[in-house]
Amino acid sequence: MTDSDSSDAGDRTTGKRLDVVALLDRYGIVIVIAVLGLLIYASQPDVFFTWRNITNILNQNSVHAILAIGMFMVILTAGIDLSVGSVLALSMMCLAVLSASMPWPVTLVIGPLVGSVAGFVNGVGITKLKMPHPFIMTLGMLFAARGLANIVSGGVPYSGLPDPVRFLGSARIPLGEWGGGMQSLPVVVVFVVALYIGFHIVFEHTVFGRRLYSIGGNPQAARVSGIDVDRHLIIVYTICGFMAGLAGLVMAGRTNSGFPNAGMGIELEAIAAVIIGGASFFGGRGTLIGVFGGVLVMGLINNGLNLNNVSVFYQQVLIGIIIVVAVSVDVFRRNVSTRK
Amino acid sequence: MNEMDRPPVVLEARGISKYFGAVTALEDVSFSLRKGEVIGIVGDNGAGKSTLMKVLSGLYRPSEGKLLFEGNEVNFSTPSDARRLGIEMVYQDLALAENMNIAENIFLGTEPRRTFLGGLISFYDHRQARARASEHLETLKIHVKSVEQAVGDLSGGQRQAVAIARATAFDAKVVIMDEPTAALAIREVGKVLDLIKDLKKRGISVILISHRMDDIFYVCDRVLALFHGKNFAQADLGDTSRSEVIGWIMGTLNHKGTLAHDRL
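If you read the protein sequences in the order shown, they are chains Z and U. Using our numbering, read the first sequence as starting at 1 and increasing by one per residue. Using our numbering, read the second sequence as starting at 1001 and increasing by one per residue.
So that you can see chain Z by itself, here it is in the shape it has in the complex (with noise of 0.2 Å):
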């Protein structure tokens, strides 16, 4: 429809306000990491920047990564799933347990697909049962996988896996001399790298992944245009499960054992990633990068006290006010941009 000359103007000038308010919302947390980084370096010059380091923090992050990327999933469909830590304990316990007995490719897959199987409940549930909210459904299974757990241990840890399992913890690919001794690259990193690229092109490039964004942003509008979302669902949070699956192989392999207590509260801290990256809490915004880069602030935070000899619990306080201030400039930045 012709716009007047009036309101033309009008949205020029609104227009200006949000090119830099979106810059700064898809930007913002590239200046935080910038920020962060400069003040460790400060802090630390010799230590900081370094091979070392830097593929450290990656190294310990790659846990977290991995369950952000699923926990991205869901909150951008409106959801939530409080059950990876749970379901990451289960499925390293279930692959812990039968190394002892089974041929190793079959230990390989069992985790991601106890993880899978997890997810897939959780989906069902929530759709099909029509759980009055996926909080209901996923609080549950952080319970029940929990116990599962303990069950098919017997309470107790198991350690020593075969290589192959603990390949993708815990090897490294040599890269030479330098720097005062031989660097490495651990292969869980470049694993990660090769999740975050492969899962962006799903969310920005593929008919799915643009599916996810309708229905976090109108589950009403993707249905009556077609779209199954249950389905849709049913798929996120078995992916979801997945990922908690695959970071279980993964801190399995690190550790090289399966512990029943592995990843208590680290949904909290998927979650926090995720909004300090900036996704909606409501559904349908966020990008994958960003969630990388809340990914990256937790483990630089983490990462800048430890250098600095200071107590985690100080951590804990600093990534409490992160997750508010976060989560506030997101509030201010809405109601910016709505304001016309």
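Treat the hints as calculated values from the structure; they're not laboratory data. Among these hints, one or two may not hold up.
Cβ-Cβ distance ranges computed for the label pairs, FRET-style [claimed, not checked]:
1) Z:313 / U:1134: 52 to 62 Å
2) U:1009 / Z:226: 20 to 30 Å
3) U:1148 / Z:198: 37 to 47 Å
4) Z:136 / U:1074: 56 to 66 Å
5) U:1186 / Z:136: 38 to 48 Å
6) Z:131 / U:1134: 36 to 46 Å
7) Z:174 / U:1120: 35 to 45 Å
8) U:1145 / Z:181: 27 to 37 Å
9) Z:325 / U:1217: 54 to 64 Å
10) Z:282 / U:1217: 37 to 47 Å
11) Z:54 / U:1116: 33 to 43 Å
Some chain Z residues close to chain U (C-beta under 8 Å, calculated; not the full set) [claimed, not checked]:
12) 106
13) 205
14) 207
15) 210
16) 218
17) 221
18) 225
19) 226
20) 285
In silico contact screen, one side only, chain U against chain Z (beta carbon under 7 Å); selected entries [what the hints assert, rightly or not]:
21) 1096
22) 1099
23) 1100
24) 1109
25) 1123
26) 1124
27) 1186
All C-beta atoms, glycine included, are put in the ideal place defined by N, C-alpha and C.
The hints should help you fit chain U onto chain Z, whose structure is shown.
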């Protein structure tokens, strides 16, 4: 005009009834819609307008009666069945995803895609979506800054235009609109009504549900009133008046009085 010269009937309802348990929402409702015709459907709240629209768009199955599309009897079990024939519904609550851009909203559920591995992977063809959305908005003379604008940033009238563009993106023959101007600022109402006139010019038939007599008398060729779920009256626009139509809504024929409504 004699009967031979009139455009063909596109959609016809014959004796449609719809019961919900003991409640009768529609009883023996009939009407027909010709190609390029705009019919206004009026009635008070609970008169059965929305139920009739839901029957026509495939959301409800009629309890009795039949629907004919281009002369053939049709049975819709889902809205997709109706859409396949070219019957599109523009919902009152718009059914747009505010977080997504205009092009993505227009092609929601019917995304242009490039498929690989026998349809296992479908890539969203953003370039084609943008190009086809721009072209389609162009033909409807809907002007937006960019088809990549988020729908949440648009005004109510622009959103309504996007919703109509969405309904007409794929060879629509009948567009059903439920109160398309109810939520709009006054200066935007005219734009949406002109858009409806434009659809008519392009041979698309429109069923317009509206409470606003101004809308009805500006765009419609014919008006049909429902009362308590039944056909109450209908007339070509030239043969009736606002006060008569308002009387129909209230269930009185030959209404000539000067009620509060008429003086507004």
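Could you work out which earlier hints the structure fails to respect and list their numbers in ascending sequence? The structure conflicts with hints 3, 4, 8, 12 and 27, although it agrees with all the remaining ones.
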